[in-house]
Amino acid sequence: MATPLPPPRGRNLILEVRDLTMRFGGLLAVNQVSFTADRGRITALIGPNGAGKTTVFNCITGFYRPTSGTILLRRDDGEVTELQRQPGHRIARAGVARTFQNTRLFPGMTALENLLVAQHVPLMAATGFGLGAVLGLSRYPRAERIAIEKARAWLEATRLLDRADDPAGALPYGAQRRLEIARAMCTEPALLCLDEPAAGLNPRESEELSALLLAIRDGHAAERGRGCSILLIEHDMGVVMRISDRVVVLDHGRKIADGSPEEVRADPRVIAAYLGEGDEGEENGGA
Amino acid sequence: MNPATALKDAAVTGLVALALFTPLVGLRTDVSPTGGLYLRQRWSDVAILVGLAFAGRLALLAWRGRRSLPTASTAPGWWEAPLRRLGAVFAPLLLAFAVLMPLSAFSWNLGGGFVIPALTGRYELDLGILVLTYVMLGWGLNIVVGLAGLLDLGYVAFYAVGAYSYALLATTFGWSFWACLPLAGILAAFWGILLGFPVLRLRGDYLAIVTLAFGEIIRIVLVNWVSFTGGPNGISGIPRPTFFGLPFSMSGEPGTFAGFFGIEPDPSHRIVFLYYLILGLALLTNWVTVRLRRQPLGRAWEALREDEIACRALGINITTTKLTAFAIGAMFGGFAGAFFATRQAFISPESFTFIESAIVLAIVVLGGMGSQIGVAVAALVMIGGFELFRDLQEWRMLVFGAAMVAIMVLRPRGLVASRTPTVTLSGRKRAISGELVGQGHG
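Top line first, the protein sequences correspond to chains A and B. Using our numbering, the letters of the first sequence correspond one by one to residues 1 to 287. Using our numbering, the letters of the second sequence correspond one by one to residues 1 to 442.
Derived by calculation from the structure, the hints in this document are not laboratory data. Values in this document were obtained by computation on a predicted structure and should not be read as measured data. All C-beta atoms in this analysis are idealised placements derived from N, C-alpha and C, irrespective of residue type, glycine included. Certain hints may be false.
[To be verified] Covered stretches of chain B (in silico footprint by chain A; criterion: 3 or more residues with CB under 8 angstroms from a CB of chain A, positions within the stretch not fixed):
#1 308-322
#2 414-423
[Stated by the list, open to error] Under 8 angstroms between C-beta atoms, here's a sample of chain B residues computed to sit facing chain A:
#3 L202
#4 S426
#5 L436
#6 V437
Same shape as in the complex, but just chain A:
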């Protein structure tokens, strides 16, 4: 087990979720949830089925517009973005990348093409927004070479280099999961959001996934450079306890615990939520 890193000195937060509420008609899926994620750390969001984890996730990544509350992303350069105000595609540009619970690759495109689509925004700018590239006038060839090198580095980091020219839909399941992470990383995110990355993986594959995520956090997975903060939803407690620096527990749309893996594991409210005993943690929700 990797020793969890302590929170960074001072208040160095990458993500701040304040009083997030999401209501679907009469259903209150997320109720006044506030939590933070530290820069350069792995924060896990756990909870029983239906606790509202994926809803929180979809709010952060712009797939839902929250009923109320704010979500602040602080980039490394100090720029602060209010994610809940951004249209969907702007959130990725602001530096939030995500993967999906059921992988969403482009199955008919090769692994390499998948990673190039992920670099659409910088590449598109290099083409002079399409026109220049058709006429062959722009700096596009160089930009594409750099993009391919980046893709190659991530394919190597996810051990997919030999499958680079195979269609993504023909890859085995574990490889598709890794490719999706590589694709998300190719957008150069400040915050990587993973929705159940270990779902359906065998123990050996989860072990490798943990190693990959730790390498991404520390910035030596593919390109040597700055690390990447990670927010993940996970059901596999082995993975969560092994790699998380901090764990946030949701139940019935409320936050019931928040702390280091050790603290959370010992928290009686968490145990109650998972084993289904009573509702004693209720009055502390949102703490």
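Let chain A serve as the given structure and place chain B on it in line with the hints.
This is chain B only, laid out in the frame that chain A set:
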């Protein structure tokens, strides 16, 4: 299946047939000569039908039994290697044929008394022009349907916008074809964006219905806005194209094409020029599409077809990406329309009915969505086939429909079902099976 089981199975079929046909066929009420109703019994007919059902079932089982289990192998068959070699030269051969075809319309005196007679005539050239027009329309629509995966049933609207733009600009202001051509494309692209905006949120069937309605709106406006478009009478006297300012005329004066080059005036000069004009326009469409496919924009279109939600998560602006697909597809439709107007010298709303959209869409689907060479071959098959079956008169559509059904049964994803990757690490491009490639959700 052994014979005993097969017999039993066939007997059960026979019994079911007996139960069904006894009331349906065996008993029939008829009017007797005296005027009253009586029950006629037709047991021999029932026996024949039951016998047919029994024998048919038995034959079906025997046929199925003879076939071994279907081999679900994707390993290449013996035919694949030679076909692949043929495939590599097929497109250049087709192109060479398209370029050289008009030359055979003239007889060539090679000297020494050796003369190649004219092999083709006006009919073949006209057919060639028609086929190439549809190749171009197919390639234009392929951007929207094949690459971006947006089902567009109103493509003919852009064809009409292009044709009327050229016709109106040329007849009203007397502008030349070369000045009007880009304008026709721009206007069509503008209408493409105009259509694109309201349908951005729609997918699949809903998108198809709205685009269909859009096509009809344009046509109905053309019919009813008599003061502007001439209504059902159309626009006649549209200027014929000139060879960069030199008109094609039979007089042979110095200011004409024949006079300038000092050759014998010939009515087929203009036809050959039109042929090369549409060939050039079609190849331009192809060139732009092939180039765009290898660019981020083209990749974004294909990614959009594969998974729109994933695109959004990667920061791709879906709105503009869809709109560019609509606009560029429409622009080529507009070019084709301007060509159509100058070739016909007369246009009316009748040329832009839904059936045109359907034919172009059929070409794209038949060719294999996203495949350039497939679309070209499909246009040749569709439009050429239409002509081939002309002698069959009223049976033509029937034969044609049956042929299309047969092709779609045999090759459900079109003639060229696979997709070629746009970029590789190894440098060897292997086709991606059509099974994996998305068809878009609208």
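Results of checking the hints against the structure:
Interface restraint, the segment 308-322 of chain B with chain A: holds (10 residues with C-beta to C-beta distance below 8 angstroms; minimum three). Requiring three or more residues with a Cβ within less than 8 angstroms of a Cβ of chain A, the coverage given for the segment 414-423 of chain B holds, as 4 such residues are present. A distance limit of 8 angstroms between C-beta atoms decides the matter here; for L202(B) the minimum to chain A is near 17 angstroms, and the interface restraint is violated. Residue-level restraint check for S426(B) holds (minimum Cβ-Cβ distance to chain A is 5 angstroms; threshold 8 angstroms).
The interface hint given for L436(B) is met, as the beta carbon of that residue sits about 4 angstroms from the closest beta carbon of chain A, less than 8 angstroms. A hinted interface residue such as V437(B) counts as satisfied when its beta carbon comes closer than 8 angstroms to some beta carbon of chain A; here the least separation is about 3 angstroms, so the hint holds.
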